[in-house]
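K.L.:
Residue-level listing of the chains:
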Amino acid sequence: MIDNRCSDSHLVSLYQIGNEEAFEMLLHRHKSRVYTSIYLIVKDRYVAEDLLQDTFIKAVNVIKSGRYNEEGKFMPWLSRIAHNLAIDHFRSRKRHPQVTLEDGSRLFDSMEFAEDSFETIQLQQDTKSRLRSLIKDLPQEQKEVLIMRHYLQMSFQEIADHTEVSINTALGRMRYALINLRKKMSTNINAYDKNVYPTRSDEAPLPRNLGRGDKGD
Amino acid sequence: MRRLYLETSEEETKEIDKALLCDSELQRQYKEMVAMKKQMDEIQLNPSDAVIKNILHYAQGLQEHS
Chain Z
1 MIDNRCSDSH
11 LVSLYQIGNE
21 EAFEMLLHRH
31 KSRVYTSIYL
41 IVKDRYVAED
51 LLQDTFIKAV
61 NVIKSGRYNE
71 EGKFMPWLSR
81 IAHNLAIDHF
91 RSRKRHPQVT
101 LEDGSRLFDS
111 MEFAEDSFET
121 IQLQQDTKSR
131 LRSLIKDLPQ
141 EQKEVLIMRH
151 YLQMSFQEIA
161 DHTEVSINTA
171 LGRMRYALIN
181 LRKKMSTNIN
191 AYDKNVYPTR
201 SDEAPLPRNL
211 GRGDKGD
Chain U
1001 MRRLYLETSE
1011 EETKEIDKAL
1021 LCDSELQRQY
1031 KEMVAMKKQM
1041 DEIQLNPSDA
1051 VIKNILHYAQ
1061 GLQEHS
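Heads up: the protein sequence lines correspond to chains Z and U, in order.
Residue numbers for the first sequence follow the numbering used here, so the first one is 1 and each next one is one higher.
Residue numbers for the second sequence follow the numbering used here, so the first one is 1001 and each next one is one higher.
Just so you know, the hints here were simulated from the structure itself, not pulled from any lab data.
Predicted model, so just to flag it, every value in this text is computed and none were measured.
Cβ atoms here follow ideal geometry from the backbone N, Cα and C, with glycine treated the same way.
Hints should not be assumed to be uniformly reliable.
[Unchecked claim] Listed below are the simulated BS3-like cross-link pairs for lysine-lysine, each with C-alpha atoms no more than 30 Å apart in a straight line: (1) Z/K183 <-> Z/K128; (2) Z/K43 <-> Z/K73; (3) U/K1038 <-> Z/K143; (4) U/K1014 <-> Z/K73; (5) U/K1053 <-> Z/K64; (6) U/K1038 <-> Z/K184; (7) Z/K136 <-> Z/K184; (8) Z/K136 <-> Z/K31; (9) U/K1053 <-> Z/K128; (10) U/K1018 <-> Z/K183; (11) Z/K43 <-> U/K1037; (12) U/K1037 <-> Z/K184; (13) U/K1014 <-> Z/K31; (14) U/K1053 <-> Z/K183; (15) U/K1031 <-> U/K1018; (16) Z/K183 <-> U/K1037; (17) Z/K136 <-> U/K1037; (18) Z/K136 <-> Z/K58; (19) Z/K43 <-> Z/K58; (20) Z/K136 <-> U/K1038; (21) Z/K31 <-> Z/K73; (22) U/K1037 <-> Z/K31; (23) U/K1031 <-> Z/K136; (24) U/K1014 <-> U/K1038; (25) Z/K43 <-> U/K1014; (26) Z/K184 <-> U/K1031; (27) Z/K64 <-> Z/K128; (28) Z/K58 <-> U/K1053; (29) U/K1014 <-> Z/K183.
[Stated by the list, open to error] Okay, the calculated beta carbon distance ranges per label pair: (30) U/D1041 <-> Z/V62: 27 to 33 Å; (31) Z/I2 <-> U/S1024: 42 to 48 Å; (32) Z/N61 <-> U/A1035: 39 to 45 Å; (33) Z/R91 <-> U/N1046: 25 to 31 Å.
Please model the entire structure based on the sequences and the hints provided.
P.N.:
Here it is as structure tokens:
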């Protein structure tokens, strides 16, 4: 019997002996994280879908040919396939891919909102789009660690091994990525219209000389 | 960072939590990181149904031939 509590390794074993439902569960369990991480690298939804397909096809081929031996670590293995395909694609492009929002629009180009509900929906939508954009625009090394840790669920040690840096470097990059995002998110909000979107009380500027600035992970 | 992503040992977790309780600035920074992490969860995208169907078809086809 397959249910949500089945581990990845159990599902892989079931799929190896012919259980299609097991593969379907693996796919649904990991599709969003893998897809999002690919998208944040290649910056194009259609390309990301192609690469997601390639990732799972590659995984299926390996599993069905009996060459899968990750000893229960399915997601890190799948993550490496996805990441390598996305990076290969990214590198193969001669120019930097164009950054476009997934819905093709840039919110707040117009501040004319007819209804509150629409405004609310747009604001939420825009916050998400903005965060995606900010992640895509992070320095390459920070973005790489963030995507691997948060979306591909690789441990910091696995990331350090994969990117050939020390674990402290990986941890530091992740920390700066989150600090950068947090800073830019609050800056961007304030950049629009403080009368419409006043600064939240918990986003007040920090007092100087707090001391704990850059130390520790 | 390792505490945020639940990579710390039980002992390390206790130590960090103790530090968080005693240091309001550290606590504020940690809360910000937690909030950021939550926001990053919320921006996940879903691929189209067509792609999922393609993958399932491929997996199914391979299954039939094996």
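K.L.:
Hint compliance check: list the failing hint numbers for this structure, sorted ascending.
P.N.:
Going through the list in order, the structure violates hints 13, 14, 25 and 27 and respects the others.
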